[in-house]
Amino acid sequence: MNIDLGLEGKVAIVTGSGGGIGREIALSLANEGVSIVVNDIGVSLTGDGGSLQPAEETCGLITQKGGKAISDNNSVTTWDSAKKIVENAMDNFGKIDIVVNNAGILRDTIFHKMDPKDWNEVIDVHLNGSFYVSRSVAPLYREQNSGVYVHMTSTSGLIGNFGQANYSAAKLGIAALSKSIALDMQRYNVRSNCIAPFAWSRMTNSIPANTDSEKERVERIKKMTPETNAPLAVFLSSDAAKDVTGQIFSARLNELFLFSQNRPIKSVHSSDGWDAKKIAERAMPTFKSSLSLNERSGDVFSWDPI
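Our numbering applies: residue 1 is where the sequence shown begins, and numbers increase by one.
A few of these clues could be false.
Distance ranges between label pairs, derived from CB positions [claimed, not checked]:
1. 225 / 5: 19 to 27 Å
2. 145 / 227: 28 to 36 Å
3. 52 / 1: 27 to 35 Å
Calculated directly from the structure, the hints in this document are not laboratory data. C-beta atoms are modelled at their ideal positions from N, C-alpha and C, and glycine is treated no differently.
Please model the entire structure based on the sequences and the hints provided.
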């Protein structure tokens, strides 16, 4: 079957595309004829410093192959700077068809030791940044009656992980944001989906590897290089995914996953209402076998990448 992705001539903003997964998505979209706004402020994994070089390197890789790309060094963490990213895209390419919200930082700390500053900065980049950029583009999407959002969530939020309360909360929030966008903007032919990527990159390079089980997990992750996530992002950005919105997917080496979303799984009824004792006596014994386990991502995805 010869499927036309319909990406030639489109324009995409890819945040955090100076390296890792974002860079691979930008390169893959560019290979399909998409003009790219390479947004990256060039900071360290923890958000320190800043450099124009990462974004310019990605642009160079695109233009060397005959593609079109511009670099953008505006932060996603404020409303004003997010609007500047959109203005940059419009000034250079005249339109925006695709937004990939990929920018991120880590501040991993066990919950009872987490500094509020570490909470706020992670939320600002991941969750607030995804909102600011998406919201800045929304009027354009509404006017042109089309548009695509692809957001990066994580199994740390969808399932759980140790020492990542800030990151997990932000990433689960992104899944809810994506669903809200999908519902609110479907009338304007705008699609919004999430990817929970698996990849060994600087974002995962900080994963602890002290115990034997942790070391084994890290070795599994190392097999999954960033480019394995790009095809899914390209598909979701394309016309081939015109009927796909409000969904959560994952790419893990050669595996693709569609995630479930929260729905009621069991109910109990009391004709005269409930009190705490009746809940303990009647409801919880019924619910007990269906309670979710306190698992983390590594427990659920326990097999080697295939």
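We went through each hint and held it up to the structure:
1. Distance hint check for residue 225 and residue 5: the Cβ-Cβ separation is about 23 Å, which falls inside the suggested range of 19 to 27 Å.
2. The beta-carbon spacing between residue 145 and residue 227, approximately 33 Å, falls within the hinted interval of 28 to 36 Å.
3. For the pair residue 52 and residue 1, the supplied restraint of 27 to 35 Å is violated, since their beta-carbon distance comes to about 43 Å.
Figure legend: structure checked against the earlier numbered hints; the only hint not met is number 3.
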